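Visitor: Chain residues, written in single-letter form:
There are 2 protein chains.
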Amino acid sequence: MQLKPTKAYAAAGVDIDLGNRVKAGLPRLLAATRRAGVIGRVGGFGGLFALDVKKYREPVLVASVDGVGTKLKLAFALDCHDTIGQDLVNHCVNDIAVLGAEPLFFLDYLGTGKLEPRVFAAIIRGFAKACAENHCALIGGETAQMPGFYQPGEYDVSGTIVGVVERKRLLDGKAIRAGDLVLGLASSGLHTNGYSLARRILFEQMRLTPKSYLPELQNTIGDELLRVHVGYGPLMQGLLRRFNPPSSARNQAPSIRAFAHITGGGFIDNIPRVLPRNSGVVIHRETWDVPPIFRLLQEAGRVPDREAYQVFNMGIGMVAIVAANQAQAVLKFVRRRGHRAWCIGEVVRGRRGVEVV
Amino acid sequence: MQLKPTKAYAAAGVDIDLGNRVKAGLPRLLAATRRAGVIGRVGGFGGLFALDVKKYREPVLVASVDGVGTKLKLAFALDCHDTIGQDLVNHCVNDIAVLGAEPLFFLDYLGTGKLEPRVFAAIIRGFAKACAENHCALIGGETAQMPGFYQPGEYDVSGTIVGVVERKRLLDGKAIRAGDLVLGLASSGLHTNGYSLARRILFEQMRLTPKSYLPELQNTIGDELLRVHVGYGPLMQGLLRRFNPPSSARNQAPSIRAFAHITGGGFIDNIPRVLPRNSGVVIHRETWDVPPIFRLLQEAGRVPDREAYQVFNMGIGMVAIVAANQAQAVLKFVRRRGHRAWCIGEVVRGRRGVEVV
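Protein chains in written order, with our numbering: chain C, 1 to 357; chain S, 1 to 357.
Next comes chain C alone, as it looks inside the complex (with noise of 0.2 Å):
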């Protein structure tokens, strides 16, 4: 008996045979991401990584599973579905390097109702592209086609990343003490975060559409949204390389004692995250320039200070504590290297937490 897909799962709404053809452009595509450290290629059962123990005393892999929210109705939205994997893949990315380790390899899961092609490699030439950028390897994928979940051509995407990191490099915000700065890094919009208040702001009660052109933002409310998710990893290499070399004295304090990245839940449930007990940070609002995006939500949202602050990034997409002797250094470094950024902020002694003045 020879066996090849038939009909009845297909009418059941899985289509095992066009999942196999949809899947069958993806080995070049991940092709692009392979890195050292790659073995094989997709299709087995499982990703393979051989980790090069020869370069790290004591490897610690620090990894981390999201998601991209609601911006996906945005892409629905507009049918743009390349920039999706983008802000995924850097979302993760970020998260990881705060605690100062580098990117070995993704994977991505991505649920639909039914699987369009079109969309497909859309969705995966993101990844793909963030993934490459990043010096990460995609290595596996998952993609459940599931009738009746999803509604007709919607889907959810997650990501899980994998890096690595010196045990004696972990950035824990131990060192973090009362006098050190606050620098805040732009963010190119909202990120990944903050979608469902801010389309119910801007769809519901304002009642525009993705494709309204606001003149205060100088873009289409659309275009401003699907703004990709700033990928700070190979900056923050950069600068722990420059500022915690591994030729620091050993009892020394690093210069960069902690990142914490600004997404769901702000600077309010974000920054304490890296705080040593008996820290609290004071963040001073007019210390940067809050995007027009963000002000036109706030206002027309009537959303209070203290909630804009732990919903949306406010235009600081990462935030680096570091001493206050090497702040300017660590301003110029980020700068020359084309991001925006500007000092926010101090450590105070006091109650861990978080305060916008």
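Check the hints yourself; a few may be wrong.
[As the list claims (entries may be wrong)] Cut-off 25 Å, straight-line C-alpha distance, at most; resulting in silico cross-link-like pairs (SDA-like, lysine to any residue): (1) S/Lys114 x C/Gln205; (2) S/Lys174 x C/Val38; (3) C/Lys55 x S/Asp52; (4) C/Lys54 x C/Gly238; (5) S/Lys54 x S/Arg35; (6) C/Lys174 x C/Pro276; (7) C/Lys73 x S/Gly113.
Calculated directly from the structure, the hints in this document are not laboratory data.
Note that the structure is predicted; figures quoted are calculated from it, not measured.
We have chain C already, so just place chain S on it with the hints.
Guide: Positioned in the frame of chain C, the structure of chain S alone reads:
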């Protein structure tokens, strides 16, 4: 300004405070999955795992991502949410065990419209239970509240596992040769595949409900379909230690040539993944007891034989390809550990593929 969760975001359907409260119960659950290597705690930007490099000459990380497909619809219908996590972890563990790897850690993704604390806790309990059983640390997760994405009471889950294997002991099927025997390990039911077709046959064509009791199953449809995906990981690791010991001569072919996890794509798509060119497999379907649920599905759904073996596992959840002279010893080993198993076929010279006769 002190910042507390407020109302606009909640009105948009996202409740950060609820999310934080729900997550407050996590540390206790995750502690049960703690194993050597885990550093720190969940709550940072990434999960940490120190790889014990002294244990490996050339450690290869093996990673796999999966979901549970539309089996979730059964969980929704029966309001039973604590087995889904077990299905997913066991599925992932099996996928990497096939390559000879033992699990290190797991991360879950949960996408949902509105977070229900009771359901969330049940799902995570399932993840934690199966992780503990598989000696796998649950080191991270993401729960996305996505209003307007999922139907009320519904959610999707995916999970990523990372394991490790010594490079020399990676099982790649290269040792497979004509005359090897194919052993089949019993599944507990559909595991996590073929649910869209099964639901169509049982609930649409036959108009049964999950509560329908069928004498031939001695069970309700719902309970039958929710049976937990068998985790073969510990058994497979035991088999490899016993039959492919590290001490065996370097160039000697391993007695256990390969495993194939019978998941989506059934026998037809999964077994060829491990076959070398010019090797085919013949499966003799009279050699094991096809469980009543599969007979029911095939008969009621008039599913052609050729399709049944591509959509369903037909009672075989894992296949081992072994040297003929070790087959009886392997079967004995497996049965002594409480698994049912049969010799179900053999490797033949010919086109890479599977014939079911």
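Visitor: Each of the hints needs a verdict: does it hold here or not?
Guide: How the hints compare with the structure:
1. S/Lys114 x C/Gln205: Between lysine 114 of chain S and glutamine 205 of chain C the Cα gap is close to 21 Å, so the pair holds against 25 Å.
2. S/Lys174 x C/Val38: Measuring from Cα to Cα gives roughly 19 Å; hence the hint holds.
3. C/Lys55 x S/Asp52: holds, 14 Å
4. C/Lys54 x C/Gly238: With Cα atoms ~21 Å apart, lysine 54 of chain C and glycine 238 of chain C stay inside 25 Å; holds.
5. S/Lys54 x S/Arg35: Within the cut-off at roughly 17 Å; holds.
6. C/Lys174 x C/Pro276: Cα-Cα ~6 Å, so holds.
7. C/Lys73 x S/Gly113: With Cα atoms ~13 Å apart, lysine 73 of chain C and glycine 113 of chain S stay inside 25 Å; holds.
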